Structures are given as structure tokens and as C-alpha cells.
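Q: Spelled out, the chains give:
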Amino acid sequence: MTSKTVLHAKHLEAGAKMVDFHGWEMPINYGSQIEEHNAVRTDAGMFDVSHMTIVDVIGDDAKAFLRKLVANDVAKLTKPGKALYTGMLNEQGGVIDDLIIYFFTETNYRLVVNSATREKDLAHIANVSAGFAVEVTERPEYAMIAVQGPNAKAKTASILDDAQNAEVEGMKPFFGVQAGDLFIATTGYTGEDGYEIVVHNDGAADLWQKLLDAGVAPAGLGARDTLRLEAGMNLYGLDMDESVSPLAANMAWTIAWEPADRDFIGRDVLVQQRADKSTDKLVGLVLETKGVLRGGSKVIVEGGEGVITSGTFSPTLGFSVALARVPRSTGDTAQVEMRKKLVDVKVVKPCFVRNGKAII
Amino acid sequence: MSNIPSELKYAPSHEWVRAEGDGTYTVGITEHAQELLGDMVFVELPDVDDEVDAGEDCAVAESVKAASDIYAPITGTIVAVNEDLEDAPETVNNDAYGDGWLFRVKASDVSELENLLDAEGYANTIDED
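Chain order of the listed sequences is D and A.
For what it's worth, full-length UniProt numbering labels the leading residue of the first sequence as 1, then goes sequentially.
For what it's worth, full-length UniProt numbering labels the leading residue of the second sequence as 1, then goes sequentially.
Bear in mind the hints are in silico, worked out from the structure with no lab data behind them.
Be a bit skeptical, because a hint or two may be false.
Capping the alpha-carbon separation at 25 Å, the derived lysine-lysine pairs in DSS-like fashion look like this [claimed, not checked]: (1) D:357 / A:106; (2) D:277 / D:340; (3) D:82 / D:68; (4) D:155 / D:172; (5) D:153 / D:298; (6) A:106 / D:346; (7) D:79 / D:17; (8) D:68 / D:10; (9) D:68 / D:153; (10) D:298 / A:65; (11) A:106 / D:4; (12) D:357 / D:172; (13) D:210 / D:290; (14) D:277 / D:290; (15) D:76 / D:17; (16) D:341 / A:65; (17) D:4 / D:79; (18) A:65 / D:4; (19) A:106 / D:17; (20) D:346 / D:155; (21) D:346 / D:357; (22) D:340 / A:106; (23) D:17 / D:210; (24) D:290 / D:340.
A short list of chain A residues far from chain D (calculated; beta carbon distances all over 12 Å) [as the list claims (entries may be wrong)]: (25) 83; (26) 111; (27) 124.
Now the stretches of chain D that chain A is said to cover, found in silico as 3 or more residues with beta-carbon under 8 Å [unchecked claim]: (28) 32–46; (29) 286–292.
A quick note: this is a predicted structure, and the numbers were derived from the prediction, not measured.
All residues carry an ideal CB built from backbone N, CA and C; glycine is no exception.
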């Protein structure tokens, strides 16, 4: 039995091809994944991300609890609305999930975690929160729409009221604000400007229709994947999981090492891995000839081998790119096993496109 | 149900075949196949003058989703390939039975055509998918 978001009927209305995505019936595309991708890179597109799990953490110990729970340090957050990307780790230093944390006050935070990992995340959060004075509340009564692209903010502004526009005016990247009945954040998963908007289930279809009327193109999970991959953003379950250290997943920047006495879960293992330089690393691969790099393919490098964690055709670049976990010693080139042949690829930093432009 | 023109012959592996009346046969992939594959990004075609056997993989359609082998539906010699697909692979999505054709074969044994499915037969195979 699959779950449906409150926008399900709107997807069918827009001609979506629906697929089962970890138990949710979600749009894979509305006709052409590539056209949807290009709409986000050149104009504005929107994604139903209501399947994602919103969890509010409120209480006297909220800050202390989150400083234990995640690898980044919420003590860095001082401006109300500021967001932080990080991972929840297990005791072995593997990634249980990646998430965004919004700070409102030191006793009030909002977490957004993945849908595919919802149950284990909630169990882990409940487990760790025992002993802290916090209340953890899932918010299934909210839907979420991501509006992304160079014209996303302007098109969204055209459907907000004056008070809401005043709230979001000049908001910096990676902030969120309650604007009337909407929670509007300058976050996303595409490498473009835009918003992620949390809206009550009762108002979601209406908001979707207004955005559609304002010229925002519906975009499905297919485009979401090619956009995030071009932007070098990890997808949980592919680019990292519980067996992978954040140091091997291009997530070192989401770990706060200082203060050294903050005892977050997984810290001891990570400190050792960092000192020993013992983990693999996540790199970008580029194939400028015909063919598409695919997840799971073997990557052969000097003195070892690695694996493509996710690969795709990049509509923006016109050739294939991939993320791969490879030995630390990997240089500027590698070979990938594709359809029984070895193909030469370039090794680059794991980020290919930002704000509509190639950066490789 | 996707479009399955009644004047064409079909292979169960989702190729269509059109008799051109001069002993040559044009081959493409069906509307259903392009729907399954999604947006096409590369098409690799055989070379003109290549000899192909019925059932031999002789081309590749690579979409955002997967790379898929295309099989020669009949034995013969490749007499033409659709070079326009090099720059516009999406034509296979947009016009699977027309401008999205892949290659043309001069049949060496026309009796092989009898092994292919008619529209109804092909429709039945995709019902079972």
C-alpha cells in the first residue's frame, strides 16, 4: 500500500507518470524529464516534496540534544531562521540520514529528514532524546513544495501577499521564515535560487495551482535527480548510507570538530578516520564522449578501485557525469567499466553546475 | 495504451519494421518502448554495409534511465542509418514511428518477416509486461 501526498490529484491533472518511491506514489515526470530539468535551470520549476518528514524539536534541552544528535554544531546558529545541513551518525560513524535543521530559538528547532528513512530516523531520534528535556513532534499535517530556478523567487513573489513578501525580502541563502500561513526557506536541492515552502495540507493544492498559474513548471523526481547530481548534492541511500563515513561522502564540511569536547554520536570514529586518512573520498566523474555513467559501475584508478554511487546524463552539460567513491590516492583520471568496456573519464570535484552554469 | 500502427510488423523486443516495397525494411523502436525508456540522450547506430543477423544486437538506445540494446528484427545488410539522431536523439521520443526511425535493412531472407508479430500480437505482448 503506497502513500499519497495531498498533491496527488494535481500531479495526475498535470499528466504525471507516477512511480512508487520508497512507498510513496510520486511523479517521475510530467512528459519530459529533460524539459523539466531545463525549466529549473533557465526559468522556474516546482517539486512536490511533501513526502519528506518534518520534525519539530522543542524544549529546554533542544540545543544540547541536537549537539549530541548531529555531526555539525547547532551552537553555530544564532540568527533566527538560519539553517544547517548535516548528518546524523551511528556509533560507527556511518550516516543514518542527512538532514536540514532550522534554528528559531535555543529551545525551538525544525528538522527535515528523508522520507525513505523516516521510520529509522524517528526511532533513532526518540532513542537519543531520552534523557533530554525535549518534545519531538512529527508534522504530517504539512506539505512541502520546492520552487527552484532563476525566476523562482520572482514568480513566487507574484502569488504571496504584501506581508509575506516583506518577510522574505532580502532573505539570505539557507534561512527560513514563517510568513503568514507559510514557512518559506531559501533552501533547495538543485543548485539554483529558490524556495522550499512548507504549507498546511489544506492549502497545498491551492498553492500548487497558484504557482502553476504564475508560470512555474511542475517537475518530477527524474529532473530532481539530474539537477541535484549536477549540483553535486548527495542522495541518501546512493551516495552515502549507514556503512559510509561522512568523510567518504564529501560531507567533511558538515562536521564541526570544534569545540573538541562536544561529544556528538560517531565522533570518536571520525576523529580516528581523520587522523589516519583511512577513508575513501567522493569525487566527480566526467565522460565527454557518448554513453551514460550509471550507479554501481566499477571505477578503476591507479592502485585500486572504487564505485559510481550515482550517475546520469547531464542535460545542462550535454554529457554524462557521476559521483564516485574512490581511494584517496585517485588522481585526475580513471576508467569506468561500461557495458563490458573500459572507458576513460576525468576526475573532478564533485560539483558540476551552479546557477545554470557549468563549473567544471 | 500507446499507439501501435496496424501497417507495421513488430519484434517482441519492441522494434517495429516497415516494408518500403523495394526489399528494404525500416526499423525503429515502438512508442511503448520509448515511453518505458524515457528521454533519449544518445543513440548508437550500426554502420552502413554492416551485415546483421536476426536477433543480433546492432544498436543502442540510451535514455536518462538506461541503455537498451536494439536487435535487428531480420537478417540483411544495413543500407541507411538515421544520422539526424546524432544531434537530436529526442526525435525517437517525439516521433517513434516517423522521423525517429533508426536504420534500414536490405533483407536477405524475406520469409523471416513471418516470424514477426502483427499489431495485435505485439499489443498482447505488452499487455503481459
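Q: Give a verdict on every hint.
A: Hint by hint, here is what the structure shows:
1. D:357 / A:106: violated (46 Å)
2. D:277 / D:340: violated (33 Å)
3. D:82 / D:68: Between residue 82 (chain D) and residue 68 (chain D) the Cα gap is close to 19 Å, so the pair holds against 25 Å.
4. D:155 / D:172: holds (18 Å)
5. D:153 / D:298: violated (41 Å)
6. A:106 / D:346: violated (41 Å)
7. D:79 / D:17: Violated, at about 41 Å.
8. D:68 / D:10: violated (40 Å)
9. D:68 / D:153: Violated. Residue 68 (chain D) to residue 153 (chain D) sits at ~35 Å, over the 25 Å cutoff.
10. D:298 / A:65: Holds, because 18 Å separates the two Cα atoms, which is no more than 25 Å.
11. A:106 / D:4: Between residue 106 (chain A) and residue 4 (chain D) the Cα gap is close to 51 Å, so the pair fails against 25 Å, i.e. violated.
12. D:357 / D:172: Between residue 357 (chain D) and residue 172 (chain D) the Cα gap is close to 21 Å, so the pair holds against 25 Å.
13. D:210 / D:290: Not satisfied, since the Cα-Cα distance of roughly 41 Å exceeds 25 Å.
14. D:277 / D:290: violated (35 Å)
15. D:76 / D:17: violated (42 Å)
16. D:341 / A:65: Holds - the C-alpha atoms of residue 65 (chain A) and residue 341 (chain D) are around 19 Å apart, at most 25 Å.
17. D:4 / D:79: violated (35 Å)
18. A:65 / D:4: holds (24 Å)
19. A:106 / D:17: With a Cα-Cα distance of about 38 Å, the restraint between residue 106 (chain A) and residue 17 (chain D) is violated, given a limit of 25 Å.
20. D:346 / D:155: Violated. Residue 346 (chain D) to residue 155 (chain D) sits at ~38 Å, over the 25 Å cutoff.
21. D:346 / D:357: Holds - the C-alpha atoms of residue 357 (chain D) and residue 346 (chain D) are around 19 Å apart, at most 25 Å.
22. D:340 / A:106: Outside the cut-off at roughly 30 Å; violated.
23. D:17 / D:210: Holds, because 22 Å separates the two Cα atoms, which is no more than 25 Å.
24. D:290 / D:340: holds (15 Å)
25. 83: Check passes; 14 Å lies beyond 12 Å.
26. 111: Since the minimum Cβ distance to chain D is about 33 Å, residue 111 (chain A) lies beyond 12 Å and the statement holds.
27. 124: Answer for residue 124 (chain A): holds, closest chain D Cβ roughly 23 Å.
28. 32–46: That given contact holds, which follows from 3 residues of the stretch 32–46 of chain D lying within Cβ reach (below 8 Å) of chain A.
29. 286–292: holds (count 3)
Checked against the numbered hints given earlier, the structure breaks hints 1, 2, 5, 6, 7, 8, 9, 11, 13, 14, 15, 17, 19, 20 and 22 and satisfies all the rest.
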